[in-house]
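Trainee: These are the residues of each chain, in order.
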Amino acid sequence: MPDTSTVDVHLFAAARAAVGESSVTAQAGTLTAVLDELCERFPSFVAVRPRCSYLLNEIACTDAQAAVVAGSRIDVLPPFAGG
Amino acid sequence: MPDTSTVDVHLFAAARAAVGESSVTAQAGTLTAVLDELCERFPSFVAVRPRCSYLLNEIACTDAQAAVVAGSRIDVLPPFAGG
Amino acid sequence: MVLPQADLAQYANNGGMSAVRLVEVVDRPLNLEVMQAAVRDDRAGAVVTFSGDVRNHDHGKSVDRLTYEGHPSAGDVLQQVAESIAAEFDLIALAVAHRVGDLAVGDAALIAIVSSAHRDVAFAACTALVDRTKELLPVWKHQVFADGTDEWVNCA
Amino acid sequence: MVLPQADLAQYANNGGMSAVRLVEVVDRPLNLEVMQAAVRDDRAGAVVTFSGDVRNHDHGKSVDRLTYEGHPSAGDVLQQVAESIAAEFDLIALAVAHRVGDLAVGDAALIAIVSSAHRDVAFAACTALVDRTKELLPVWKHQVFADGTDEWVNCA
Numbered sequence: 001m002p003d004t005s006t007v008d009v010h011l012f013a014a015a016r017a018a019v020g021e022s023s024v025t026a027q028a029g030t031l032t033a034v035l036d037e038l039c040e041r042f043p044s045f046v047a048v049r050p051r052c053s054y055l056l057n058e059i060a061c062t063d064a065q066a067a068v069v070a071g072s073r074i075d076v077l078p079p080f081a082g083g
Numbered sequence: 001m002p003d004t005s006t007v008d009v010h011l012f013a014a015a016r017a018a019v020g021e022s023s024v025t026a027q028a029g030t031l032t033a034v035l036d037e038l039c040e041r042f043p044s045f046v047a048v049r050p051r052c053s054y055l056l057n058e059i060a061c062t063d064a065q066a067a068v069v070a071g072s073r074i075d076v077l078p079p080f081a082g083g
Numbered sequence: 001m002v003l004p005q006a007d008l009a010q011y012a013n014n015g016g017m018s019a020v021r022l023v024e025v026v027d028r029p030l031n032l033e034v035m036q037a038a039v040r041d042d043r044a045g046a047v048v049t050f051s052g053d054v055r056n057h058d059h060g061k062s063v064d065r066l067t068y069e070g071h072p073s074a075g076d077v078l079q080q081v082a083e084s085i086a087a088e089f090d091l092i093a094l095a096v097a098h099r100v101g102d103l104a105v106g107d108a109a110l111i112a113i114v115s116s117a118h119r120d121v122a123f124a125a126c127t128a129l130v131d132r133t134k135e136l137l138p139v140w141k142h143q144v145f146a147d148g149t150d151e152w153v154n155c156a
Numbered sequence: 001m002v003l004p005q006a007d008l009a010q011y012a013n014n015g016g017m018s019a020v021r022l023v024e025v026v027d028r029p030l031n032l033e034v035m036q037a038a039v040r041d042d043r044a045g046a047v048v049t050f051s052g053d054v055r056n057h058d059h060g061k062s063v064d065r066l067t068y069e070g071h072p073s074a075g076d077v078l079q080q081v082a083e084s085i086a087a088e089f090d091l092i093a094l095a096v097a098h099r100v101g102d103l104a105v106g107d108a109a110l111i112a113i114v115s116s117a118h119r120d121v122a123f124a125a126c127t128a129l130v131d132r133t134k135e136l137l138p139v140w141k142h143q144v145f146a147d148g149t150d151e152w153v154n155c156a
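Residue numbers (the working numbering), protein chains in the order written: chain A, 1 to 83; chain B, 1 to 83; chain C, 1 to 156; chain D, 1 to 156.
Fair warning: there could be bad hints in the mix.
Stated by the list, open to error - Taking lysine to aspartate or glutamate and the DMTMM-like style, the derived pairs with C-alpha atoms no more than 25 Å apart in a straight line are: (1) 134/D - 42/C; (2) 134/C - 40/A; (3) 134/C - 151/D; (4) 134/C - 42/D; (5) 134/D - 58/B; (6) 61/C - 120/D; (7) 61/C - 150/D; (8) 61/C - 42/D; (9) 61/D - 41/C; (10) 134/C - 120/D; (11) 134/D - 120/C; (12) 134/D - 41/C; (13) 134/C - 41/D; (14) 134/D - 90/C; (15) 61/D - 90/C.
To be verified - Coverage of chain C stretches by chain D, computed from C-beta distances (three or more under 8 Å per stretch; other residues unrestricted): (16) 82-89; (17) 139-149.
Unchecked claim - Some chain C residues judged to face chain D by a derived CB distance under 7 Å, without partners named: (18) 42; (19) 55; (20) 56; (21) 105; (22) 106; (23) 123; (24) 127.
Hints in this document: simulated from the structure, not taken from any laboratory. Idealized CB from N, CA, C, for every residue including glycine.
All chains, please: the whole structure from these sequences, using the hints.
Mentor: So, in structure tokens, the structure goes:
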């Protein structure tokens, strides 16, 4: 059974490089609380965090206070650089 | 021996179609006199004449009174339509 | 993924038949000939093709190789971008592809092709297609330089 | 021929090494692959290609076939046009070709390719190359329509 108090955080590109993992679990809460937890656990993420955009359950989320309930998925997207 | 009192007129595209020949000879004189002669001999050229530009011995000539001496070459160029 | 929906909404302006012929985000070499064949149409008078290739230099440093990483939604986003361009411009056909994975210098990373009856529309649409793809496609570029250093582009 | 010298003088603005790789006015099918290969360069990040193809319609009428006729100076003029674009824009490579003779619907009449380190330059240069070629190249188009009528384009 999945842990019902946590969320899945998926990290890409420079964010994955900073954290050292492509996904981690964190405590449910608000978006900003989840990101604060990542910064505490992975100091290299501090520099990358302000450059990223975020998906909450596959939908763009720009509200730092958005509720991230248990079982949610967060995608951490550094600035795009295609083409 | 070439006729020493005439010029060669080379006709392209719609100008050639109007005259029915790709080159004709005309009397030396001025550019406008040469074109007047063509209009007289080839009435279909009257409609095409004002749309054309002209080369006199391979150099663009916009002066209707330019002298076209015997042995000269005139190119009659309808509006370009490349591409 | 619905990330770019809000961004894209401003562009859509008609409900005509879509000109979109081919859209892909793939982990293999892009095939220009196949894409140009996909847009062939006897109604088209002007075909404009953009190829974004891996350069051997960036910020004055020599590039050795690079890797593009795509978000799982990249294919869906590129489809949305393509449809938005097709809705905005009077096109006959459109094809767009982005490569991910490891690329070498000279390899094409992005190919965008549009055709129209007229060249001004084709140039404008191809420019917009490339600009919008670069703005919205969730893809990242990791460059390795000849001196051994590396960077995530736009994130240094 | 020196017809366009006066027109071209306004465009030339530097004496750098020319990016011009291939210029031709030919009475045979244009080969896009050969031209794209001619501009290949590891310094190029952006390649923009324009193909002007014979449409199956014009002024609402169905086009059956057409013929392009070139003045003997057309090759020299196209070379001058190419050099003027190469002098004006920061290009890596340029190739341009115009076909003359009999063409069928779908055949390419004009192919113009430029490459640059950056896409904005490549798009602007390719647009200018096509515009200037259409303005200055002494080439004429004779269209035959499905209804049996015909016209010299721009001279009706």
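Trainee: Holds or violated: is there a CB of chain D closer than 7 Å to the CB of residue 106/C?
Mentor: It holds, given that the least Cβ distance between residue 106/C and chain D is near 5 Å, below 7 Å.
Trainee: Would the hint on residue 42/C stand, with a C-beta cut-off of 7 Å toward chain D?
Mentor: At about 4 Å, which falls below the 7 Å cut-off, the nearest Cβ of chain D leaves the hint on residue 42/C intact, so it holds.
Trainee: When you check the alpha-carbon spacing of residue 134/C and residue 120/D, does it fall within 25 Å?
Mentor: 13 Å, holds
Trainee: Under the criterion that the straight-line Cα-Cα distance not exceed 25 Å, is the pair residue 134/D, residue 42/C satisfied?
Mentor: Roughly 21 Å between the alpha carbons, so the hint for residue 134/D and residue 42/C holds.
Trainee: Given that the stretch 82-89 of chain C was listed as covered by chain D, double-check it with a C-beta distance under 8 Å for 3 or more residues.
Mentor: violated (count 0)
Trainee: Are the Cα atoms of residue 61/C and residue 120/D separated by 25 Å or less?
Mentor: 21 Å, holds
Trainee: Starting from residue 134/D, check that the Cα of residue 90/C is at most 25 Å away, please.
Mentor: 22 Å, holds
Trainee: Does the interface hint hold: is residue 56/C within less than 7 Å of chain D, judged Cβ to Cβ?
Mentor: 4 Å, holds
Trainee: Would the hint on residue 123/C stand, with a C-beta cut-off of 7 Å toward chain D?
Mentor: 5 Å, holds
Trainee: Under a C-beta cut-off of less than 8 Å, do 3 or more residues of the stretch 139-149 of chain C approach chain D closely enough to confirm the stated coverage?
Mentor: violated (count 0)
Trainee: Does residue 127/C pass the interface check with chain D, least Cβ-Cβ distance below 7 Å?
Mentor: 5 Å, holds
Trainee: Between residue 134/C and residue 41/D, does the CA-CA distance stay at or below 25 Å?
Mentor: 22 Å, holds
Against the hints set out earlier in the document, violations occur for numbers 2, 3, 7, 16 and 17.
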